[in-house]
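One letter stands for each residue in the lines below.
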Amino acid sequence: MANTRQGALRSVRLVAWAAIAVLVLAAGMHLLGEAQKAQQSGRALPGAATIGGPFELTRTDGTRFSSSALAGKPYAIFFGFTHCPDICPTTLLEMSNHLKELGDRADKLRVLFVSVDPERDTPEHLKRYLSAFDDRIIGLTGTTQEVAAIGKSYRVFFEKVPSKDGQDYTMNHTASVYLMDKAGSLVSTLSFQEPDEQRQKKIENLLDR
Amino acid sequence: MIRLDLHTTLALAALLAAALPLPASASEVRVGDLIVANAWTRVTPPGARVAGGFLTITNTGKAADRLVSGTSPIAGHVEIHEMTMDGGVMKMREVAGGLEIAPGATVELKPGSYHVMFMDLKSGPMEGKPVAGTLTFEKAGTTAITFEVAPLGAKSPAHGMN
Ligand SMILES: [Cu+2]
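Chains H and S supply the protein sequences, listed in that same order.
Letter by letter, the first sequence follows residues 1 to 209 in this note's numbering.
Letter by letter, the second sequence follows residues 1001 to 1162 in this note's numbering.
Only chain S is shown next, with the shape it has when bound in the complex (with noise of 0.2 Å):
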């Protein structure tokens, strides 16, 4: 009969979780006059310490934005990176003074570009289980924000690899 109870206790938490309202996360969020959307990590390989998180912000306003910093509790911190090739050379630094959305326009963070560095990683994304963080921009302010997390070298967020 105990046993029973904690089964049906389990159960009924497990519906009560699931009606909750969730985090957007495939969707939208809305902070300011801008649209967050479709955020995105994937899993990593045992033992990493970074990750990329992407996502795209859409500026509806009428003045440019600055995406500046983020945080998440799986990095020890958080970084807005660009990533380019130069000649065969992958490189890679921290976006001086934070990332421009100009007005109108949509900025696409994506693997081989733009991306949220997650650093010192305290625990790799998991598949299945999306992860949280917030954003902050210059005017915007501060919104949370959950990645969904794609398999292992995903290139979208959509399907899998290749």
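The shape of chain H in the complex, shown without the other chains (with noise of 0.2 Å):
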């Protein structure tokens, strides 16, 4: 009689725990999809109100570019220097990837290109380096401290990497394509390590906002 009693309180133990077990489970599951459904759908990130911020830049074809003209509009924007041997040009071919499997659908996407290094890419440079690619990139450049302002807003890391003999140079820096909507506020982020199909459902979730 005892024995059955003691086996009947193990076995609700056991299913209490089995329950507790499960519950936890499925609580870091739905974290987890949660974080996941926000990258993907689109919605604002944790902290994402505190990156971006007005600025004024200077255009390829030398004319002034200010933050205003974005207003209203989604926009992806990203950070290198054409001294670049990889990611910056890899970035650039697949923001223009991009842009082309959206159709008619770029019309509502702007994409920005960042010089980090305006000493040695000037907008003249800057033009001729961007012709490979999409002519809707607007690829912007600078005073230093006009690109260090927006880089400290976006919270883009740079430096500079001097080589051995002290002659030249090259750059560390931020390599993700930032996504904001058009309230200027940052929704997700794409990575060059990420499959294709990834960034352009982002890309296509940033616009059905």
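Rather than coming from a laboratory, the hints here were simulated on the basis of the structure.
Computed from a predicted model, the values in this text were never measured in an experiment.
Beta carbons: idealized from backbone N, C-alpha and C, even for Gly.
Just so you know, not all the hints are guaranteed correct.
Here are some, though not all, of the chain S residues that point toward chain H, as calculated from beta-carbon distances under 10 Å [stated by the list, open to error]:
#1 Val1043
#2 Pro1045
#3 Gly1047
#4 Arg1049
#5 Val1050
#6 Ala1051
#7 Gly1053
#8 Pro1073
#9 His1081
#10 Asp1086
#11 Glu1094
#12 Met1119
#13 Gly1153
#14 Ser1156
Simulated restraints, written as ranges between beta carbons of each label pair [claimed, not checked]:
#15 H:Ser153 x S:Gly1098: 39 to 47 Å
#16 H:Asp208 x S:Thr1142: 52 to 60 Å
#17 H:Ala69 x S:Ala1102: 27 to 35 Å
#18 H:Asp107 x S:Gly1097: 45 to 53 Å
Combine the two chains into a complex, taking the hints into account.
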């Protein structure tokens, strides 16, 4: 009799623990799912409000570009430099492909490439370099101060790395593409390491907002 | 008649050039205990001052070797670089002391990773025009190498973008 009761108690305890385990697992998966959904559906990311802000830079035709021109329009913005062997031309090409893929909807999206190497990336040089890519990509450069200012407001890291002989330098820099909604808030980021389709989906979600 | 002769000469020259053995390219080059294979680079945007070169190196020997330097007529100088991603930040630096190829190992130089960095470009790689160069290893010495040229932004030598 006692044995049976003990056995029943054990069973109850087991069931209870199992239920707790399932609940914990479900909660964890729910949280994970939410984070993923936020990225994919384009809901604002935590801390997104502190990224971005007004800026003034120079376009490749030498005219000035103000962030006020972006008001009410979603945009993709990324940072790089033309003395970059890999990730910058790759990202420029990927963004060109995404624009093409969007077809008519591409009109809704602004794409901005900001040089973090304004000393070497003059408007003329940037213009020539960008001619290999979709002409809807807006190339921007500026004074060292202007570039530092936009880097700070977008929380973009960049630094010069001098070569051994000190005659040359390369740059380390944030490689992500920021997707900003029409209110100017960060919605998600694109990485060159994720599949093309996933990036395309994020861009389309941005336009659907 | 003279025009015809000129054309004939040109055609003959082209035939001859095609028949001459080309330096090994997509195929392999052996230097000491090392096999260097699948060297490629890609078209750069106009006015680009740098380009990346990619290849694989297999060490069939019993001792480690190091890729220490390179040259190419398209570049003012060539360095051996490593690219890494660190919390969304792209970092690139020269590989200090050269890139080690352990005995038995195959090291891949590829986009987003180790690469031969053509710096101070004199002319960007163009499609259909393989790029000549040399690579120097600490033990195996120097070998000539030819880099095939893939399209702009290509992620691998075999096919184009994406
Ligand atoms: Cu490099």
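Hints, one by one, checked against the model:
1. Annotation: Val1043 of chain S was flagged as interfacial toward chain H, and the flag holds, the nearest CB pair being 8 Å apart, inside 10 Å.
2. Interface restraint check: Pro1045 of chain S against chain H, minimum CB-CB distance 4 Å, threshold 10 Å, status holds.
3. With a cut of 10 Å, the hint placing Gly1047 of chain S at the interface with chain H holds, because the nearest CB-to-CB distance is about 4 Å.
4. Annotation: interface hint on Arg1049 of chain S holds; nearest CB of chain H at approximately 5 Å, less than 10 Å.
5. A hinted interface residue such as Val1050 of chain S counts as satisfied when its beta carbon comes closer than 10 Å to some beta carbon of chain H; here the least separation is about 5 Å, so the hint holds.
6. Proximity of Ala1051 of chain S to chain H holds as hinted, the smallest CB-CB distance being about 6 Å (cut-off 10 Å).
7. A hinted interface residue such as Gly1053 of chain S counts as satisfied when its beta carbon comes closer than 10 Å to some beta carbon of chain H; here the least separation is about 9 Å, so the hint holds.
8. With its C-beta approaching chain H no nearer than about 18 Å, Pro1073 of chain S sits outside the 10 Å limit, and its interface hint is violated.
9. A least Cβ separation of about 8 Å between His1081 of chain S and chain H falls short of the 10 Å threshold, and the interface hint therefore holds.
10. Interface hint at Asp1086 of chain S: satisfied, since its Cβ lies 8 Å from the closest Cβ of chain H, which is below the 10 Å cut-off.
11. Because the beta carbon of Glu1094 of chain S sits about 6 Å from the nearest beta carbon in chain H, less than 10 Å, this interface hint is met.
12. Against a cut-off of 10 Å between C-beta atoms, the interface hint on Met1119 of chain S holds, since the closest Cβ of chain H lies about 6 Å away.
13. At its closest, the beta carbon of Gly1153 of chain S sits 3 Å from a beta carbon of chain H; the interface hint therefore holds under the 10 Å criterion.
14. Interface hint at Ser1156 of chain S: violated, since its Cβ lies 12 Å from the closest Cβ of chain H, which is beyond the 10 Å cut-off.
15. At about 41 Å, the CB distance of Ser153 of chain H to Gly1098 of chain S agrees with the hint of 39 to 47 Å.
16. Separated by about 57 Å at the C-beta atoms, Asp208 of chain H and Thr1142 of chain S satisfy the suggested range of 52 to 60 Å.
17. Between Ala69 of chain H and Ala1102 of chain S the beta carbons are some 54 Å apart, a value that contradicts the proposed interval 27 to 35 Å.
18. For the pair Asp107 of chain H and Gly1097 of chain S, the supplied restraint of 45 to 53 Å holds, since their beta-carbon distance comes to about 52 Å.
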